[in-house]
Amino acid sequence: METLLQQVVNGLSIASVFGLLAVGITLVFGLTGIVNFAHGEFLVQGGLVATSAIALGLPFPIACLVAFIVEGAIGWCVERAVFRPLAAQPVLGFIASLGLIIAMQHIALKIWGSNQIAIDAPLKQVLAIGDVRISAMRIAVTVITIIVMTVLLVLLSRSRWGRALRAIAIDRETAAAMGVPVQAYVSATFVIGSALAGLGGALLLSLFPMSPFSGGVYTINGFAVAIVGGLGSVSGALIAAVILGMVEAIASGYVSPVWSSAYAFGAMIIVLLLRPSGLKGGGIA
Amino acid sequence: MIEKTLEPSVTSTASTFRAQILSLVALAIVLGVLPFLGINSQFMQICTLAFLWSIAAIGLGLLFGEAGQMSVANGALFGVGAYVAAIGAREQVLSMWTALPVAAVTAAFAATIIGAVALRVRGHYFLIITFAFAELWRISTVNLRELTGGNQGIMVLDPVVLPGVGEIDSLRQLFYLALVAVIAASLIVAWLRSSPFGRNLRVVRENERLAISLGLNAARMRLTAFAISGALAGGAGVLYAYNLKHVGPEQFGASAGIQIVLILLIGGARSAAGPVIGALVFFLLPLVSRLDPITTEILYGLGLLAIVLLSPQGLVPLFASLVKRAWRKKKPSILSTTS
Amino acid sequence: MNEQILSCRNVTMRFGGVTALNNVSLDFPANQVVGVIGPNGSGKSTLFNVLSAERRPTQGEITWAGQRIDGLPPYRVASLGIVRTYQSASVFPELTVRESMEFAHWTARKRGGRSIAEVAEITGLTKFTNESCRSLPYGHQKILGVALGLLTKPALLLLDEPAAGLNQAEVSRFLRLIKDIRATHEIGIGIIDHDMNLIMPACDRIAVLNFGNLIAIGTPAEIRSNQSVLDIYLTGDMRSDADH
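Residue numbers (this note's numbering), protein chains in the order written: chain A, 1 to 285; chain B, 1 to 339; chain C, 1 to 244.
Take every hint as true, because none was put in to throw you off.
Listed below are the simulated SDA-like cross-link pairs for lysine to any residue, each with C-alpha atoms no more than 20 Å apart in a straight line:
#1 Lys-110(C) with Ser-195(B)
#2 Lys-110(A) with Leu-291(B)
#3 Lys-127(C) with Pro-137(C)
#4 Lys-280(A) with Gly-17(C)
#5 Lys-280(A) with Phe-15(C)
#6 Lys-245(B) with Met-155(B)
#7 Lys-110(C) with Pro-196(B)
#8 Lys-110(C) with Phe-197(B)
#9 Lys-280(A) with His-124(B)
#10 Lys-280(A) with Tyr-125(B)
#11 Lys-153(C) with Thr-184(C)
#12 Lys-110(A) with Ile-294(B)
#13 Lys-153(C) with Asn-217(B)
#14 Lys-153(C) with Arg-209(B)
#15 Lys-280(A) with Val-18(C)
#16 Lys-110(A) with Thr-296(B)
#17 Lys-280(A) with Arg-14(C)
#18 Lys-110(C) with Asn-217(B)
#19 Lys-110(A) with Leu-299(B)
#20 Lys-280(A) with Thr-58(C)
#21 Lys-110(A) with Ser-289(B)
#22 Lys-110(A) with Asp-292(B)
#23 Lys-110(A) with Pro-286(B)
#24 Lys-110(A) with Thr-295(B)
Cβ pair distances, simulated, as ranges:
#25 Arg-111(C) with Leu-22(B): 35 to 41 Å
#26 Ile-69(A) with Gln-45(B): 44 to 50 Å
#27 Phe-208(A) with Ala-116(B): 32 to 38 Å
#28 Ile-243(A) with Ser-25(C): 41 to 47 Å
#29 Arg-220(B) with Ala-128(A): 57 to 63 Å
#30 Leu-322(B) with Ser-88(C): 35 to 41 Å
#31 Ile-39(B) with Glu-173(A): 55 to 61 Å
#32 Ala-306(B) with Leu-5(A): 48 to 54 Å
#33 Arg-328(B) with Trp-161(A): 51 to 57 Å
#34 Ala-14(B) with Glu-121(C): 21 to 27 Å
#35 Ala-221(C) with Arg-220(B): 46 to 52 Å
Read the hints as simulated data drawn from the structure, not as lab findings. Note that the structure is a prediction, hence the values are computed from the model and not measured. The beta-carbon is built from N, C-alpha and C at its ideal position, and this holds for glycine as well.
With the hints as constraints, model all of the structure from the sequences given.
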């Protein structure tokens, strides 16, 4: 029987990874209007790449970095080859992302096989606070993802690049007329989103085994967090991830965890019915 | 010189409808002859299943081809119909024939619920919700074990009984049953396309904002089209359950939805005979190519990308227009619009 | 009996830190032509977006024949007889002109739409009926937008910069069209435009917006001689040419 604190940490650790996914989704959408259903596949591939890196003897943090870089690179290729030519027709972009799901998932199956993948947890300590035992790995994952998202948020609101991104999101033509290299920013955003998904996959792997078929579920969770937070808002995604993590943590004490996607889905429906712009819809930061 | 009336010229809709009917008749004849050409039973059964999947694609063709709204949920709606049939058979409350309307209504209802939520907001949310529904369906069918049989699914061992004829169990008879179903579905959709409803869907696709500003409830149009596509998928699902004799959760999730999209795009979203051809290509190609299933799926994924990037109106229409161009060079004739 | 007037009362529209409309109250009776003029960014299009329910005002109310209509979905407002056109030509690209007109006629089937032949004739589109909308020249596409609105037999037609993109000959023809419409049927018209050759002769009353505020309203003669209005327009192009 887990205590509330354990459940909260559990829930947060997973939800924060979905927050990473959601940040990528929301940035890409806010900037380009692209809905990329294959986003979850980048996460799964990140985990797969991390297992290979670890099998080669690399330590876990390096494996995370490898996953980050590899998925970012694949993201660049995908943006260049698929989404850029279809930028004028978003519907076709959606459909293309469906083809991406099939292709990416089965390429992964070809390379890594169809079995579940798992790694030894890099951090095996269990912290004891009073009589509550919390896995150090879960805390580490939560802390890392929240730091990454916060750094991104700070960059977005304070830095020169963040300003340019926000300008593009508000009015692309004006930004271009003012000399902002719009296409470079669009590509960079896609790369960052994919890289974050890859990192998320590696981190998630440290918590529990992953099936190469679960891309769709992760995609939906990522979209749910992004929509609850408001599509296009990074701070919204951050907040929504925390909230949904709490909800899942508390609810999973009473209902089987396989339904966790249903909570995210339910939250998304409620948001769409009551306040479609989400927590912080409108504007990219 | 002022013209008092508009010339009653032949509208493009009527000629398209005629062309579509012609192509369906031709298709029915060609396919109807197939069993007599010495095809083996594996081939025949694959064709039967292809026909049933193509009905789901035909429904999506109404939604996407006419209204411009894409959906990934139609695989799950297909599954709704299949499970209604399977559960109905297991509980001995539904025969295949009573399952057909029940499944169609259930699937249309599910589509209406999904759509009602999704259409209150902009179009991309609809797509996301259809994707979520497809995945949620798969999760539900796995987890609601008592109802759905969980991962093992449900066997459907009841025979198909044709009133007045008796049991139908030969592959050839099932082939023709499925062929009749797909031609009927194609005719229904072709008729809808040529009706004012079809025109209103096209209006929504062409310029939804303008349509609304003239007084059209665009959201309700799309919802109706979605419900109809659901009904077709649900009905086809019943036949699918009785043909395959087994339903399981992995068959009807997002990947099934994507499969239907691919079938539709191979055949051409706006054509009448296209979805059937697309389904036949999709299911028969692996037989011919002798590649392993995973590589085949990779190629399908890349193929969908290629179609979207190079020929979004569909492979078959592209092919048909190339053929027509070559034909025209040989003899000039007045060919009506693409079927 | 409620008079057929579309009126907005104390309408304020704020978004993204900008106040596009500030406490604007304005009437559009179904038997007048009301013009709305003002510099770029003065809130004119926003006003029409609010009137047609495409946007909800931050504050204020919109009423039609005494009933509140703000908060209704846009298609409902249109089916009540308030139809707007768009600043940039908006058509159904792949449909033919005829199919588009049949559609517009169909949406008003309960009210009884105007005859397609008649509307095609007075807008000069008769010879284009079997052409696709996308193949029409830009000016004709804009006229088609107005024709489609007319076909729904509206009580009030809101025209958003109908003259934008039209050459001088097309503008004069458009002015004649407005006069023809007014002569044959009881329709109120609201026009946003910059072209005084259209606004001055066509309108019974003119409202002037500046930075979201309604700064003047009156007959064309009154507006022409209103100092605060003249101050906004640096050049003296408030005078129109002689009647056409």
